[in-house]
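The numbering of the sequence shown is the numbering used here, which starts it at 117 and goes up by one.
Some hints could be false.
Claimed, not checked - In silico lysine-lysine, DSSO-like type, Cα no more than 27 Å apart, as pairs:
id	residue 1	residue 2
1	K210	K160
2	K501	K400
3	K297	K236
4	K246	K163
5	K391	K162
6	K400	K373
7	K406	K184
8	K163	K501
9	K160	K246
10	K406	K246
11	K432	K516
12	K400	K236
13	K391	K160
14	K159	K432
15	K400	K459
16	K439	K516
17	K373	K516
18	K281	K159
19	K509	K495
20	K281	K406
21	K184	K208
22	K210	K163
23	K400	K509
24	K160	K184
25	K509	K160
26	K163	K406
27	K281	K210
28	K373	K432
29	K391	K501
30	K184	K459
31	K406	K159
32	K501	K162
Simulated from the structure, these hints should not be mistaken for laboratory data.
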Amino acid sequence: MMLNIHMEKGYLKRDLTESQKANLIYYRDKQLKEIAEPPKEEKKQKKVVYFYNSDIGYYDLGSNHPLKPYRLRMAHSLIIEYELGYHMDILKAKPATNIELTQFHSDEYINFLSSITPDKVQQNTENLIKYNLGIDSPIFDGVYNYATCIAGASIEAASRLNQGKADIAINWAGGQHNAKKNEANGCCYINDVVLAILELLRVHKRVLYINMDVHHCNGVEEAFYTTNRVLTLSFHKYGNVYPGTGNIEDIGLDEGKGYAVNCPLQDGIDDASYKEIFEEIVNKTNEYYKPDCIVLQCGADNISGDRLGGFNLTIKGHGECVKIIRDLDLPLLILGGGGYTLKNVARTWAYDTAVLTDQVLDEVLPIHEFINYYYPDYKLDIQPKNMINLNSKQYLDNIK
């Protein structure tokens, strides 16, 4: 301490060597720095809950149907073998009740969906057409239970956020964003997204919904098109692709004018281009809208090589966007969505789960039940395809 006092008075004892003087100055400066800069607090670990119902992965929409619920079993297997379950609570929700479903859907549609079975299809042709049940949204064994299990998990996930029991809630089976009030749409029977948002609105004044799916979120946008309590933001493929909605000029009506934001993208968009426009628009939207919570639909059909997609993202490129949303530090509901190349869907949602739980995964996939699907490389990430990115800088700048 005497040496420090000498330093504070502006002089050094004459009998100190140059080396001793240098050490004295070093330790004095270090001491002052420690006083001025107290130790930084460790980053608080987010509370994550993950909803999984093994029954959903066994339903079958038909051999020729591109949507395979089986992908959920594949994703879950990877999540467990990567030991991500140690970093979150794994829960199973109850199926949604008719009362919960009719918070958005019409009574007549829910009544029909709950009663229709494959053996009754022939005598119900008129109603099947009325409710848009057919090729895209077929009637299969257990269709109602399938839809209500998905919706129940999304509603319960939203409720957990409302109660402060979670910071992040995940339901990879969710994200059925195309279903409408009175009809099925695009392999979506019940719009669990809308139901979850309605649950969030019980507590939160403003909800930001972000769609990463290649297909536009027509059902969600339509449901909240005239309100300013929900802002829908969609990064989707636009043009000759289902559902054909999501024009950049579609911005909402009445009180909702300006609260529907559409970013129509073209084939071939890669990690760098996607992240640039995603990050800039998300940050602008967050600053402008100041939401109380966020719902992120993480469709995996934007991954390179998807059967129905056309985008060129890698698994880690997708995860970078999830990280951007995670780091906004708002209550966050994570939902699945599209994705038609099964092994890439599983990779994507396992990696996203690691991002959300702040874990680092080995680049080589662990041995698990579905490991043979990943032959011959058995890697976590994929290489993008050699395809043209039709989203020029000028095109993307015009969207911004």
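Structure-inconsistent hints, enumerated in ascending order | 1, 2, 4, 7, 8, 9, 10, 12, 15, 19, 24, 25, 28 and 32
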